[in-house]
Structure formats: structure tokens, C-alpha cells
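Novice: Construct all of the structure, not just a fragment, from the sequences and the given hints.
There are 2 protein chains.
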Amino acid sequence: MKKALTFDIGGTKIYSTIVDETGSVIGEIDKFSTPKTLDEIRKILKDQIAKYEDSVDVIAIATAGAVNNENSGVIGSTGNLVQGYSSIDFQTLSNKKVFLENDANAAAWAEYKIGASRGSVVSVMLTLGTGVGGGIIINDKLLKGKSGAAGEMHFKMYPDKRRKCSCGGWDCFEIYASGTALKIDAEEALNNKDVTTYDVIEGVKNDDSKMVEILNRWQNDIIIGIKGLANLFDPDCVVLSGSMAQFVDVKKVEDEVNSDIVTTPTSVRLATAGNYAGMIGVALLALR
Amino acid sequence: MKKALTFDIGGTKIYSTIVDETGSVIGEIDKFSTPKTLDEIRKILKDQIAKYEDSVDVIAIATAGAVNNENSGVIGSTGNLVQGYSSIDFQTLSNKKVFLENDANAAAWAEYKIGASRGSVVSVMLTLGTGVGGGIIINDKLLKGKSGAAGEMHFKMYPDKRRKCSCGGWDCFEIYASGTALKIDAEEALNNKDVTTYDVIEGVKNDDSKMVEILNRWQNDIIIGIKGLANLFDPDCVVLSGSMAQFVDVKKVEDEVNSDIVTTPTSVRLATAGNYAGMIGVALLALR
Numbered sequence: 001m002k003k004a005l006t007f008d009i010g011g012t013k014i015y016s017t018i019v020d021e022t023g024s025v026i027g028e029i030d031k032f033s034t035p036k037t038l039d040e041i042r043k044i045l046k047d048q049i050a051k052y053e054d055s056v057d058v059i060a061i062a063t064a065g066a067v068n069n070e071n072s073g074v075i076g077s078t079g080n081l082v083q084g085y086s087s088i089d090f091q092t093l094s095n096k097k098v099f100l101e102n103d104a105n106a107a108a109w110a111e112y113k114i115g116a117s118r119g120s121v122v123s124v125m126l127t128l129g130t131g132v133g134g135g136i137i138i139n140d141k142l143l144k145g146k147s148g149a150a151g152e153m154h155f156k157m158y159p160d161k162r163r164k165c166s167c168g169g170w171d172c173f174e175i176y177a178s179g180t181a182l183k184i185d186a187e188e189a190l191n192n193k194d195v196t197t198y199d200v201i202e203g204v205k206n207d208d209s210k211m212v213e214i215l216n217r218w219q220n221d222i223i224i225g226i227k228g229l230a231n232l233f234d235p236d237c238v239v240l241s242g243s244m245a246q247f248v249d250v251k252k253v254e255d256e257v258n259s260d261i262v263t264t265p266t267s268v269r270l271a272t273a274g275n276y277a278g279m280i281g282v283a284l285l286a287l288r
Numbered sequence: 289m290k291k292a293l294t295f296d297i298g299g300t301k302i303y304s305t306i307v308d309e310t311g312s313v314i315g316e317i318d319k320f321s322t323p324k325t326l327d328e329i330r331k332i333l334k335d336q337i338a339k340y341e342d343s344v345d346v347i348a349i350a351t352a353g354a355v356n357n358e359n360s361g362v363i364g365s366t367g368n369l370v371q372g373y374s375s376i377d378f379q380t381l382s383n384k385k386v387f388l389e390n391d392a393n394a395a396a397w398a399e400y401k402i403g404a405s406r407g408s409v410v411s412v413m414l415t416l417g418t419g420v421g422g423g424i425i426i427n428d429k430l431l432k433g434k435s436g437a438a439g440e441m442h443f444k445m446y447p448d449k450r451r452k453c454s455c456g457g458w459d460c461f462e463i464y465a466s467g468t469a470l471k472i473d474a475e476e477a478l479n480n481k482d483v484t485t486y487d488v489i490e491g492v493k494n495d496d497s498k499m500v501e502i503l504n505r506w507q508n509d510i511i512i513g514i515k516g517l518a519n520l521f522d523p524d525c526v527v528l529s530g531s532m533a534q535f536v537d538v539k540k541v542e543d544e545v546n547s548d549i550v551t552t553p554t555s556v557r558l559a560t561a562g563n564y565a566g567m568i569g570v571a572l573l574a575l576r
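Protein sequence lines correspond, in order, to chains A and B. Residue 186 in our numbering sits at position 186 of the first sequence, with consecutive numbering throughout. Add 288 to the 1-based position in the second sequence for our numbering, that's all there is to it.
Hints are supplied without guarantee of correctness; some may be wrong.
[Stated by the list, open to error] For lysine-lysine, the following BS3-like pairs were computed, each having C-alpha atoms within a straight-line distance of at most 25 angstroms:
#, chain 1, residue 1, chain 2, residue 2
1, A, Lys251, B, Lys471
2, A, Lys113, A, Lys251
3, A, Lys205, A, Lys251
4, A, Lys96, A, Lys2
5, A, Lys252, B, Lys324
6, B, Lys540, A, Lys161
7, A, Lys161, B, Lys539
8, B, Lys331, A, Lys164
9, A, Lys46, A, Lys96
[As the list claims (entries may be wrong)] Stretch by stretch, here's where chain B covers chain A in the computed footprint (C-beta under 8 angstroms, at least three residues):
#, stretch
10, 36-43
11, 139-153
12, 157-167
13, 234-243
Everything labelled a hint here was simulated from the structure, so no lab data went into it. This structure is a prediction, so every number in the text was calculated from the model and none was measured. Note that beta-carbon positions come from the ideal geometry of N, C-alpha and C, so glycine has one too.
Specialist: Structure below.
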């Protein structure tokens with residue numbers, strides 16, 4: 001059976017393992033803190049590749065940042081990774097083929113192949129974490145756009161400049177639907193800079209009506225965003241993943257989206273491919 | 289050379305002509321008021337088909353409403369057409385194949401084949417008229433979604449219920465970017481229910497600063513919407529068509545979109561395929 005040595009390169013951690021062509025994780029999960037220099041990042045990749053490349057068919061890398069349409073490198077800047085990251089020539093790291101995909105796209109592919117969106121003609125995945133990632137699959141292909149950068153959840157929630165997004169623009173979906181957004185919602189509602197996402201979640205558990213209201217506002221913004229995506233893409237399903245997805249009332253989101261839709265009803269689901277979805281997805285893409 | 293008898297069925301008019309496989313209109317343009325009964329609509333189609341079907345290879349119909357993924361019929365309700373319109377069995381109208389596509393999708397295809405978006409990997413077309421239509425082409429295919437209804441420009445401009453859209457929902461792009469929207473913008477700004485879109489356009493011609501402000505607000509909402517679409521689809525170009533497109537400062541829209549984009553720069557252009565783009569596009573699709 002074919003196998004991939006697979007990585008997930010994020011802003012804080014780099015993970016690595018071996019995944020086979022059925023999407024099963026068959027290696028140890030190796031974990032590293034993401035270094036602050038290009039050379040150190042390269043060294044981690046090289047060391048892992050030296051150890052495992054003889055036993056695999058391909059090297060697969062899920063990474064923060066947009067990946068080009070050739071799946072050979074990263075384009076543009078990648079916010080939470082060291083400057084110049086996109087200059088890494090990944091192809092020189094191994095004698096085997098090195099295949100890259102954006103981490104959110106890779107995770108969406110794992111959901112499509114072995115997870116919550118299996119069998120969909122069109123699926124949209126939203127990764128609700130510190131930020132919001134997106135992966136859209138249409139007719140058995142990831143939506144990549146002209147350059148590879150498509151699927152960015154930076155459509156606007158207001159037209160009149162209210163909240164600055166981490167991308168530098170204003171009022172993107174990301175800054176109303178992420179964990180960061182929930183904290184901002186709480187700060188605004190309570191006029192308290194020190195309130196945390198954790199405080200909101202704990203408050204909701206204890207039926208604190210103010211905290212319930214804050215969570216509902218955040219969830220409503222997620223609903224508003226999904227309505228737009230459902231009308232644009234007419235997807236079979238919208239999959240929610242990431243650390244914040246567990247705080248969403250999925251059934252309520254689905255009902256509200258479908259009560260106000262001009263296309264056809266969609267299904268809203270939690271992701272099921274697990275924490276290593278990015279590594280699994282990029283491995284399945286690379287082994288395709 | 290292959291030819292299609294082609295129709296454009298809208299809320300007020302039905303057009304018909306013959307188009308060849310290069311996209312050239314080679315027939316007379318026949319024009320009818322759209323009847324208020326199904327039987328009368330059927331009769332117009334049947335009469336035209338009886339006249340021309342022997343001289344063409346296929347019947348092609350661009351229509352208001354969503355068209356299914358088999359291109360054989362209309363799904364769901366179609367607002368400005370008679371109730372029950374989607375029950376018409378178009379396939380029984382001719383011995384030749386009858387091929388349907390949504391009018392905005394068809395026009396987008398004409399732009400892609402013979403107009404402003406020729407050669408694009410990904411293109412988004414917005415038809416700015418009384419409402420807003422949309423057609424999205426990705427890798428040589430129209431985005432149709434699971435049911436055929438994708439590409440609806442009903443993503444939200446506000447999350448908090450300000451302006452009711454014709455679809456029954458709140459705050460859709462359509463109700464901020466259409467001709468109807470410009471009238472509402474003017475009504476709100478001037479507190480005058482009788483002001484028309486025409487008044488705004490005339491005012492702008494005469495440098496009336498209030499009218500210029502109203503037009504700018506409308507144009508800003510169009511910019512906000514295109515930013516979202518550009519980040520989702522990473523298109524080569526966004527094409528503006530429809531009766532309201534002429535009032536948009538295309539260069540300014542392009543500059544503002546590209547000043548706040550997380551994907552890669554896009555080009556904003558006016559449509560060039562002309563008034564019969566819908567009939568041409570659906571003919572080209574049917575003759576494909």
C-alpha cells in the first residue's frame with residue numbers, strides 16, 4: 001500500500017507522521033515547536049525526511065499560507081510564520097516528490113474523503129480556531145482560484161469599517177466568527193479588555209445570561225456567514241472544524257441557515273476526521 | 289456550422305433568435321411580452337420552435353430561475369415569472385434536444401467565450417439590473433452546486449436585519465447593489481419616497497453633491513461585495529453587466545478591491561458580449 005510522509009506546519013507547531021492511501025495514520029506523531037528561522041524549519045523537515053523517505057512514496061506538507069496551483073510551494077505572506085517562509089524551495093528537501101496544500105484545504109479534503117462530507121458534490125469547510133480557515137470542494141476538486149489562494153473567509157460582515165481584521169482589512173468574516181472574535185464580542189459587550197473566550201464558555205455553562213447573549217451574537221455571525229456561502233455555493237454540507245466548533249449549536253445553525261436560503265437546503269455538521277485531518281488530507285491528495 | 293434556436297425568458301420579455309457555434313447571432317431578434325399564464329408561455333415557445341426547429345441542431349433556453357444540473361428544467365420558484373413556471377416540461381416542446389441554463393449563468397458563459405472574461409481560469413460575473421444576477425465559471429465549468437442553484441448573490445451585507453431583500457431574507461448583496469438598491473439608498477438619504485434611480489443619475493451628471501454621495505454609497509457596497517467574492521474565488525476577473533453597470537466607476541472599484549485583498553489582485557471589467565449575451569451563452573453551452 002502506498003504511503004506518504006506527511007507534515008502539518010502551523011504558526012506554533014509542526015507535526016509529522018506517516019499516512020497510508022486509505023487515510024490511516026500508521027506512524028508515530030512527531031511534534032516540534034515551529035522555529036523562528038527558515039534554516040531551523042528546513043532542518044526539521046530535512047531530518048524527518050532523511051529518517052523516513054525510503055519507506056514512503058511521497059512527501060506531503062499541509063501548511064499555513066496559500067499554496068500554488070502546482071502544489072509545489074507557498075505564495076504570498078503567511079502571517080503567523082517567519083518572514084520569507086514562502087521562499088523555501090520545498091522540492092529540494094527530498095528526492096521524492098514533495099506535494100503541498102494549504103492546511104485548511106487539506107483538512108477539508110480529509111473530511112471529504114474519510115470524514116463528515118464524504119460523498120458531497122459540493123462541500124464547504126470552516127475551521128473555527130484563533131482565526132477562520134476555509135476549504136471548498138466542488139465536483140471532486142478543491143477550489144483553488146487563479147493562483148491557489150481561493151477559499152479565504154474574508155468576505156465582509158459590515159460595509160462600514162467597524163472591526164479591523166488580522167488581514168489588515170475591515171470586518172471580514174474571520175474577525176466575527178473566530179475565537180478571537182468571541183473575545184472581542186465579550187470585550188465590547190462587557191466593556192472589559194481582560195475577559196477571555198474561556199470566561200464566556202464558563203459563563204454559558206453556568207447559565208450566565210450575559211455570556212449566553214455574547215455567545216449567541218457570535219453564533220449569529222457564523223449563521224450570517226454560512227447563509228452567504230450556502231447561496232453562493234449551494235453545498236450539500238457545511239462542515240465546522242477547529243477548536244471553537246464544539247461551542248456551536250450545529251442544529252440551530254442548520255435550521256436558521258435553511259430558514260433563509262435562496263438555493264436548496266444544506267446540512268451543517270461537525271468535522272469527524274480528527275486532529276490530524278490536515279496531515280491525512282494532504283497525504284491523500286499527494287497519493288492521489 | 290451548428291446552430292441553436294435560442295430564447296431568453298425573463299419576467300417582462302421573451303426574446304428569441306438563432307445563434308451559431310461561434311456565438312454569432314444569425315437570425316432575426318423576435319420579441320414578446322412575457323404572458324401571465326403557462327399556456328401562453330408554452331404557445332410562444334412552441335410557435336417559435338415549429339417555425340425554426342428544422343433549421344437548427346438544438347433548442348437553447350436562457351431563463352429566469354435556477355436550472356437543474358441536467359439542464360433540462362427549472363427548479364424552485366422564480367419570483368418574477370408566473371406561478372408553476374417550473375412545472376413546464378420543456379423537453380416535450382421539441383423533437384430536438386432542449387437545453388436550459390439560468391439567464392445570468394448563460395450571460396456569464398457568453399462573456400467567458402466571446403466577451404470580457406475570455407481565457408479566465410476563474411471568473412465572476414455580476415449582472416446589476418433591477419436585481420443582481422451572478423454567474424461563476426471555474427476551470428471551464430459553471431458553478432452549479434448540488435442542485436443547479438449556486439451563484440446566487442444573496443450573501444449578507446449586515447448581520448443585523450436592516451433592509452429586506454426581494455428573496456424574503458435580510459440584507460442580501462442584491463438589495464445593496466441593484467438598481468432597486470440605489471433607489472432605496474436615495475430614499476433613505478433624502479427621506480423622500482418619490483426619488484428615482486434616474487433622479488440620482490441626473491443629479492450626478494449635474495454635480496449635485498448629495499446625489500454623488502448616494503451613488504458613492506451604492507458603489508461602495510458593490511466594492512464590499514466584490515472584495516468578499518475575490519477572497520472566496522480568487523478570480524482572474526470580475527465582469528459587471530446589466531443596465532446599472534454603466535454607472536459604476538470600474539477603475540475605482542478595481543483599485544479599491546485590490547487595496548484590500550488577501551488572495552491575489554483581480555481585474556474588474558465591463559461586459560462586452562452585448563444585450564443578447566444570455567441567448568448567445570446558452571446557445572454556446574447547448575452546442576458544446
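Novice: Taken at face value, is the distance from the CA of B:Lys324 to the CA of A:Lys252 at most 25 angstroms?
Specialist: violated, 39 angstroms
Novice: Has the given pair, A:Lys113 with A:Lys251, been kept, meaning a C-alpha gap of at most 25 angstroms?
Specialist: holds, 23 angstroms
Novice: Assess, step by step, whether the Cα of A:Lys251 is no farther than 25 angstroms from the Cα of B:Lys471, and give holds or violated.
Specialist: Violated, at about 38 angstroms.
Novice: Is A:Lys46 close enough to A:Lys96, meaning Cα to Cα at most 25 angstroms?
Specialist: Holds - the C-alpha atoms of A:Lys96 and A:Lys46 are around 12 angstroms apart, at most 25 angstroms.
Novice: Is the coverage entry for the stretch 157-167 of chain A by chain B consistent with the three-residue Cβ rule at 8 angstroms?
Specialist: Per the Cβ count (4), the hint holds.
Novice: Can you tell me if the stretch 36-43 of chain A counts as covered by chain B, using C-beta to C-beta distances under 8 angstroms and a minimum of three residues?
Specialist: violated (count 0)
Novice: For a C-alpha distance cap of 25 angstroms, please report whether A:Lys161 and B:Lys539 respect it.
Specialist: holds, 22 angstroms
Novice: Can you confirm whether the C-alpha distance between B:Lys331 and A:Lys164 stays at or below 25 angstroms?
Specialist: Violated, at about 57 angstroms.
Novice: Counting residues of the stretch 234-243 of chain A with a beta carbon closer than 8 angstroms to any beta carbon of chain B, are there 3 or more?
Specialist: n = 3 at 8 angstroms, threshold three: holds.
Novice: Please work out if B:Lys540 and A:Lys161 have their alpha carbons no farther apart than 25 angstroms.
Specialist: holds, 18 angstroms
Novice: Would you check the hint for A:Lys205 and A:Lys251, treating anything up to 25 angstroms between C-alpha atoms as holding?
Specialist: Cα-Cα ~18 angstroms, so holds.
Novice: Does A:Lys2 lie within 25 angstroms of A:Lys96 when you go C-alpha to C-alpha?
Specialist: At roughly 13 angstroms apart (the allowed maximum being 25 angstroms), A:Lys2 and A:Lys96 satisfy the hint.
Hints 1, 5, 8 and 10 from the list above are not met by this structure, while the remaining hints are.
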